[in-house]
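Enquirer: From first to last, the protein sequence lines stand for chains A and B.
Residue numbers 1 to 312, in the working numbering, belong to the letters of the first sequence in order.
Residue numbers 1001 to 1312, in the working numbering, belong to the letters of the second sequence in order.
Source of the hints: derived by calculation from the structure; they are not laboratory data.
Since this is a predicted model, take the numbers as computed values, not measurements.
You may find that some hints are simply not true.
[As the list claims (entries may be wrong)] Calculated lysine to aspartate or glutamate pairs in the EDC-like style (CA-CA distance at most 20 Å, straight line): (1) A/Lys-128 with B/Glu-1025; (2) A/Lys-32 with B/Glu-1124; (3) B/Lys-1172 with A/Glu-176; (4) A/Lys-128 with B/Glu-1095; (5) A/Lys-94 with A/Asp-147; (6) B/Lys-1128 with A/Asp-34; (7) B/Lys-1134 with A/Glu-44; (8) A/Lys-134 with A/Glu-124; (9) B/Lys-1161 with B/Glu-1208; (10) A/Lys-207 with A/Glu-13; (11) B/Lys-1134 with B/Glu-1176.
There are 2 protein chains.
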Amino acid sequence: MIDRLIRKIKETENPTVVGLDPCLEIIPQGIKSDVFHGLGRTPEAVGDIFFKFNKAIIDSVNDLVPAVKLQIAMYESYGVPGIASYIRTIEYAKEKNLIVIGDIKRGDIASTAEAYASHIGGIEIEGKVYDCWKEDAITVNPYFGTDGIAPFLFNCERYGKGIFILIRTSNKSSFELQELTVAGTGAPLYHHVADMVSSWGESLIGKEGYSSVGAVVGATQIEQGNALRNKLPHVFFLVPGYGAQGGRGKDLKGYFDRDGLGIIVNSSRGIMGAWCKDAELSQDPKLNIEFAQASRKAVLEMRSDLQLAMEG
Amino acid sequence: MIDRLIRKIKETENPTVVGLDPCLEIIPQGIKSDVFHGLGRTPEAVGDIFFKFNKAIIDSVNDLVPAVKLQIAMYESYGVPGIASYIRTIEYAKEKNLIVIGDIKRGDIASTAEAYASHIGGIEIEGKVYDCWKEDAITVNPYFGTDGIAPFLFNCERYGKGIFILIRTSNKSSFELQELTVAGTGAPLYHHVADMVSSWGESLIGKEGYSSVGAVVGATQIEQGNALRNKLPHVFFLVPGYGAQGGRGKDLKGYFDRDGLGIIVNSSRGIMGAWCKDAELSQDPKLNIEFAQASRKAVLEMRSDLQLAMEG
């Protein structure tokens, strides 16, 4: 996964990940009305609306970005039709040659983690293997320690997949646990997690020097992120918190390595909801149809913003 | 949720939670053959098989236990049909008047946690509210701190639901993070989490003195669990790790309060897979049909085992 991701970043000259985290408020009325008219105001309709919306955005930006990230919670809210829409979006993004990251933040004890690891390896039914989810990489929670991570590592190796383990999240309260100082080390808890992530990924380092075991490092605590980059030379960062949560390209300079690699930066609302900020588009339902063009423009702007930081 | 749970525990004189965590290996051949014959060896068939199996166990034990717990990972492995089977099982268990705990261990930043909180509060679609999941309580991961928990607390209050936050899990590697000593306190990380859980639940304490914000405390580190009971007089414990993972009733004496309340103890494989341990049943496919009777017997044994500990 990781070498393929890096190749795609080089091809597109863009470390932007488009976050496909739909919610009804940022979807143009035109799409919603049509589907609600046919299916009623139902979870089935929302699943359909999300897919149509995602598809338009994928069609509009797939030549510009290496990857998309789907926040499963946005789909999971709508039960079975929501999950079906999540999977349908993954399939479509893969058809368009995008790398797909499932932002699922799963984590459990070993035997259960094994079941969750089917996201990146499929499941066997009496000798037949089914890949019901198809993500190329997923996000994982580290609270259970090594045996909760092992099944994911196994699938990374066996199926050429990847994981991004939470080290430092982008939300305000994240310091409450993540910054607790660990006795005897003088270092915060997230540094301890960082060391674990680094050691878990040691045997999965690819040709480009990065491991298929990456990390989630938010764009909102810049000094901490810079220190993590120096601490973790083989760990690729998935960086949330750009844009809507306050992160800016120039701040991320220290997250890149000397070759301008080492991170992918997610933006969800900033790209999907770009049309809402356009006075003309957002007001006129007939013009709403051009929402995906606004997303494309937002991706181009984000690419420029990040390229400044990459070039150092 | 919590007062209802305690009432049911008193009615049944049993703090046992039946873990409905199916996997194909522990399902009798009779059930599997029938469904595979009709639907092929597909995820759809597995969803159907899981439901049939769960239904028989629910029918057999629903008068004996207060609650069931579903480990969503076991269903999620099979994609959309797996999730459909999870939800169908929840609906059936609720028809039978059982309290349903979704062991989903979700956790994320605030805006995303809000989406996950739909598990215990539903979702609004243009003014219409849908409850797509219907759990009475769910398990939650604390790694994000207060703002990642707030949306769940809001739904606990608004919809009379509950959460169980991970404090101390039952797996071997759990010490790696959970037992790190926090500088300045001399206490392990999980005590810090325990204090947070206690304070998050303060405003949600019910008539019986327990909060709707409970905790997951494994049955495998007994001394630690005993200390947590003393530390957290208002926090109800959901206790995994009984049976298959090594926990025994007599060890759990200190987990109960003076009234013999304060915990529910989960057993999954020990109850669902009880028939596999019966030499006659497990060998003869015609007898397999009685598997649910073996589960009932296992529940009765577990009740006796726990009652000894409850009585102190």
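Enquirer: For every hint, state whether the structure bears it out.
Expert: Hint-by-hint comparison with the structure:
Restraint check: the Cα-Cα separation between A/Lys-128 and B/Glu-1025 comes to about 15 Å, which is no more than 20 Å; the hinted pair holds. Distance check on the hinted pair: A/Lys-32 and B/Glu-1124 sit about 14 Å apart at the alpha-carbon level, within 20 Å; holds. With a CA separation close to 25 Å, the supplied pair B/Lys-1172 and A/Glu-176 exceeds the 20 Å bound. Simply put, A/Lys-128 and B/Glu-1095 have alpha-carbon atoms about 35 Å apart, too far for the 20 Å limit, and the pair is violated.
For the suggested pair A/Lys-94 and A/Asp-147, the alpha carbons sit about 30 Å apart, so the restraint of at most 20 Å is broken. A hinted pair counts as satisfied when its Cα atoms are at most 20 Å apart, and B/Lys-1128 with A/Asp-34 qualifies at roughly 18 Å. Under the criterion of a C-alpha separation no larger than 20 Å, the hint pairing B/Lys-1134 with A/Glu-44 is consistent with the structure, at around 17 Å. Only pairs whose Cα atoms come within 20 Å are accepted, and A/Lys-134 paired with A/Glu-124 is accepted, the gap being roughly 14 Å.
Note on B/Lys-1161 and B/Glu-1208: the hinted pairing holds, with a Cα-Cα distance of about 16 Å set against a maximum of 20 Å. At roughly 19 Å between alpha-carbon atoms, A/Lys-207 and A/Glu-13 fall within 20 Å of each other, so this suggested pair holds. Of the supplied pair hints, the one linking B/Lys-1134 and B/Glu-1176 is violated, its CA atoms being roughly 34 Å apart against a limit of 20 Å.
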